[in-house]
Amino acid sequence: MRKSQFLMAFLSAACLSAATASAQTLTVGLDADPPKLDPALSTALVDRQVMNQIFDKLLDLDANLKVIPALATSWKVTNGGLTYTFKLKAGVKFTDGTALDAAAVKYGLDRNRTLEGSARKNEMSSIKEIKVVDPQTIQINLSQPYGPLLAVLTDRAGMIVSPTAAKKAGADFQNNPVGSGPFTFVSRVRQDNITLNANKSYWGGAPKIDKLVYRPFTDGDVRYANLLSGAVQAITPIDPKDISKLEQNPKFNVLNYPGIGFQGVWFNVTRAPFNNKNFRQAVAATIDREAIAKSIFYGTVTPAAGPFPPGTPAASSAITVQKPDIALAKKKLGGKPLSFTLLTTPGSVTTQLAQVYQAMFAQAGINAKIEQVEFGTLLDRADKQDYDALMLGWSGRPDPDGNIYDFFVTGGTNNQAGYSNKTVDSLLAKARAQTAMSARAATYNVALSTILSDTPYTWVYFQRNLVASVKGMTGLKPIPDGILRFKDVDLK
Amino acid sequence: MAVFALRRLLSSIPTLLIVTLIVFAMVKLLPGDPARLILGQEATPQALAELRRSLGLDRSLPQQYLSWLGGAVRLDFGTSLTDNSSVSRLIAQKLPVTLELALFAMLISLLISLPAGILSAMRRNTWVDRLLTLLALSGISLPNFFLGILLIYLFSIRLAWIPASGYTSLLENPGRNLLLLLLPAITLGVGSAAVLTRYLRSSLSETLTQDYVRTAHAKGLTSRAVTSKHALRNALIPFLTAFGLQLGGLLGGAVITEQIFSIPGFGRLLVDAVFTRDLPVIQGVVLVSAVAVFLVSFLVDLGYAAVDPRIRYH
Numbered sequence: 001m002r003k004s005q006f007l008m009a010f011l012s013a014a015c016l017s018a019a020t021a022s023a024q025t026l027t028v029g030l031d032a033d034p035p036k037l038d039p040a041l042s043t044a045l046v047d048r049q050v051m052n053q054i055f056d057k058l059l060d061l062d063a064n065l066k067v068i069p070a071l072a073t074s075w076k077v078t079n080g081g082l083t084y085t086f087k088l089k090a091g092v093k094f095t096d097g098t099a100l101d102a103a104a105v106k107y108g109l110d111r112n113r114t115l116e117g118s119a120r121k122n123e124m125s126s127i128k129e130i131k132v133v134d135p136q137t138i139q140i141n142l143s144q145p146y147g148p149l150l151a152v153l154t155d156r157a158g159m160i161v162s163p164t165a166a167k168k169a170g171a172d173f174q175n176n177p178v179g180s181g182p183f184t185f186v187s188r189v190r191q192d193n194i195t196l197n198a199n200k201s202y203w204g205g206a207p208k209i210d211k212l213v214y215r216p217f218t219d220g221d222v223r224y225a226n227l228l229s230g231a232v233q234a235i236t237p238i239d240p241k242d243i244s245k246l247e248q249n250p251k252f253n254v255l256n257y258p259g260i261g262f263q264g265v266w267f268n269v270t271r272a273p274f275n276n277k278n279f280r281q282a283v284a285a286t287i288d289r290e291a292i293a294k295s296i297f298y299g300t301v302t303p304a305a306g307p308f309p310p311g312t313p314a315a316s317s318a319i320t321v322q323k324p325d326i327a328l329a330k331k332k333l334g335g336k337p338l339s340f341t342l343l344t345t346p347g348s349v350t351t352q353l354a355q356v357y358q359a360m361f362a363q364a365g366i367n368a369k370i371e372q373v374e375f376g377t378l379l380d381r382a383d384k385q386d387y388d389a390l391m392l393g394w395s396g397r398p399d400p401d402g403n404i405y406d407f408f409v410t411g412g413t414n415n416q417a418g419y420s421n422k423t424v425d426s427l428l429a430k431a432r433a434q435t436a437m438s439a440r441a442a443t444y445n446v447a448l449s450t451i452l453s454d455t456p457y458t459w460v461y462f463q464r465n466l467v468a469s470v471k472g473m474t475g476l477k478p479i480p481d482g483i484l485r486f487k488d489v490d491l492k
Numbered sequence: 001m002a003v004f005a006l007r008r009l010l011s012s013i014p015t016l017l018i019v020t021l022i023v024f025a026m027v028k029l030l031p032g033d034p035a036r037l038i039l040g041q042e043a044t045p046q047a048l049a050e051l052r053r054s055l056g057l058d059r060s061l062p063q064q065y066l067s068w069l070g071g072a073v074r075l076d077f078g079t080s081l082t083d084n085s086s087v088s089r090l091i092a093q094k095l096p097v098t099l100e101l102a103l104f105a106m107l108i109s110l111l112i113s114l115p116a117g118i119l120s121a122m123r124r125n126t127w128v129d130r131l132l133t134l135l136a137l138s139g140i141s142l143p144n145f146f147l148g149i150l151l152i153y154l155f156s157i158r159l160a161w162i163p164a165s166g167y168t169s170l171l172e173n174p175g176r177n178l179l180l181l182l183l184p185a186i187t188l189g190v191g192s193a194a195v196l197t198r199y200l201r202s203s204l205s206e207t208l209t210q211d212y213v214r215t216a217h218a219k220g221l222t223s224r225a226v227t228s229k230h231a232l233r234n235a236l237i238p239f240l241t242a243f244g245l246q247l248g249g250l251l252g253g254a255v256i257t258e259q260i261f262s263i264p265g266f267g268r269l270l271v272d273a274v275f276t277r278d279l280p281v282i283q284g285v286v287l288v289s290a291v292a293v294f295l296v297s298f299l300v301d302l303g304y305a306a307v308d309p310r311i312r313y314h
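The listed protein sequences correspond, in order, to chains A and B.
Under UniProt numbering, the first residue of the first sequence carries the number 1, and numbering increases by one thereafter.
Under UniProt numbering, the first residue of the second sequence carries the number 1, and numbering increases by one thereafter.
Possibly wrong hints are sitting among the right ones.
[To be verified] Straight-line C-alpha distance at most 25 Å; calculated SDA-like pairs for lysine to any residue:
| id | chain 1 | residue 1 | chain 2 | residue 2 |
| --- | --- | --- | --- | --- |
| 1 | A | LYS492 | B | ILE157 |
| 2 | A | LYS76 | A | LEU59 |
| 3 | B | LYS28 | A | PHE375 |
[To be verified] Listed next, the stretches of chain B that the computed footprint assigns to chain A, with coverage defined by at least 3 CB atoms under 8 Å from CB atoms of chain A:
| id | region |
| --- | --- |
| 4 | 47-56 |
| 5 | 148-162 |
Keep in mind the hints are simulated off the structure, nothing from the lab.
Note that the Cβ used here is the ideal one computed from N, Cα and C, for glycine as well.
Let's have the full structure, built from the sequences with the hints guiding it.
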């Protein structure tokens, strides 16, 4: 009896101390431990969740994916789209106390595009040089017109690091990131937490919460359990199977809004069987995109017609979601047998999806074998074009170029199919060089109609952003890039 | 005893060298390219070539092995590919966490298995034995992850007594440290307790049928005295072996439990390293685990001599 009383007292004391310690703290559960908190080196989507709070970007996005001012208050495009001039906000300081002026912005942008091992080189490759015009003005000169530049600067390429801190930390900067954002980096314990404090002297006003803690939970059930138990106040993403339970639970809010990425299947056009266009079209025709969205994802994804999700600038109502057509698939096969291997990564959703594809292909007599390899191997084999068909998607970019160019231009870094079409190449290059979004969108869609007919890739669904939070958390804006911005978020 | 210990340690050097070779080869045999995984979908061929060079992946395999082994001997396992931190530092941070969890779990396991095993053997084929056997079999069959989630559901979500996840170090806040490790330690300890109970029951049952036990009974000793003074010491030998194996297994096998309770330990370090293809981390963790298992078995060997006076090493 005494023992159990002691245990109860011990447990309740420990719970109490935990509750008081977290009064001003917002803890957010993520699906992975962000690997690299350096805008130049980062390649994971989850890094951006944390970096967006630490670093200010030159530009930002609003809920309609429109480019809006951030560190740059205004900008001008001149010289036939070759010169971009940005006016910078005055009086901004990095959290280490140094000034954020044009020289610092030049340093940050140059670092992002030239640092050894930088993942930004590709999207910044059209930049010839960056000039400081005066302490509040910076000029970016391009070697060729590049319409997506502004959108690129709303993400990691446009994040400005403190030159003093970056020079001092060297290769260790990713473990001690310093920017000018609404939160400052405090500490990280790998696989446990990343802790940020509010930047009380932030130029855009101090954040409403004092402390922001990110915790990684790779398992969806564990993430969900931690939200229910109160260990975290928000999680992203939510497993599709948990969404209706959370929506019905009066203690939580669920945000379910469109994303900018896509998922689908690549066909290797450089070898049999998919060097035969009819076979590619046959496989694409068996897929029931509506059924997949409903049965596997409980309606938390949108069936896809192409690379541009609804609500993004190049989305076109003229291109519609392909309906399953087994008769058409059989006609395209022309009585010939088709067997191939579908390459994918392990994971409950990918496995389930691969099996559903397999069953859908089988309706037209197509025989697919599933092979699962881990993600690095999948990318490696995709690069070497050592596969028949593979399941791979893209987290998406706010500018349409980022969702199409590298995937279908001859020799593009994401052109896993080995696809090459001169007409498509020239249309994609033309769209990049145009400046008006309406003209660019039209050109992308002309290119897309050829790509859809050639079918090196078939789009299946668009991801949506799924966030759950406790009812007391307010002020979170749904920006389609999926990055949660916590400056205006309050916790009651 | 000291001579035995020294000889045993020296004779392990060739074995450990073979282990290093296997660990190195195993990681190198993995398909795929670490540079590709690090740079992800946005990699350009130039960036990939740069990264391979800076990782030393362009050097020959013997060169890579020797430089890695040279470092490992000095406890320098290189730097993590993920975030550039020192692998030795990561291991030094994570190993104590898992060690504490494993010891806590073994303590729980001993607290359950010793009385249960002895009781089961002494009351062989009675209802007590059958009940304990049933419980032990359930403990063995119950998957770790299921028990873990069950405990979270009960104690964190329903009763809200214990946080569902997290870790605070023992030095920082001992009370919270023990509270947070309680559920994971039970999750790990129950399975091991079930196995150890069965071991102890069978070895003690067998010992209780020996002639010397019968002699002791004939001399008029009580059943309790016969068991504790004569039979138990001998019966503990196989139990100790099993205990050593369980402890060695726990060091590496805490993976799932650490995942469920989000404990930043050794197992999770390994799982994350495998997923991000962080080769230096994988090599360092596997090598340290191998050495740890070796150390445990070494200590068990020494433990035999302490428990059983018949065993003497020369």
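Measure nothing beyond the straight line between the CA atoms of LYS76/A and LEU59/A; if it is 25 Å or shorter, mark the hint as holding.
holds (13 Å)
Count the residues of the region 47-56 of chain B whose Cβ falls closer than 8 Å to any Cβ of chain A, and tell me whether that reaches three.
holds (count 4)
Under the criterion that the straight-line Cα-Cα distance not exceed 25 Å, is the pair LYS492/A, ILE157/B satisfied?
Holds: LYS492/A and ILE157/B sit about 21 Å apart, inside 25 Å.
For the region 148-162 of chain B, does the count of residues with a C-beta closer than 8 Å to a C-beta of chain A reach 3?
With 8 residues close enough to chain A, the hint holds.
Next pair to validate is LYS28/B with PHE375/A; report whether the Cα-Cα distance is within 25 Å.
holds (17 Å)
Checked against the numbered hints given earlier, the structure satisfies every one of them.
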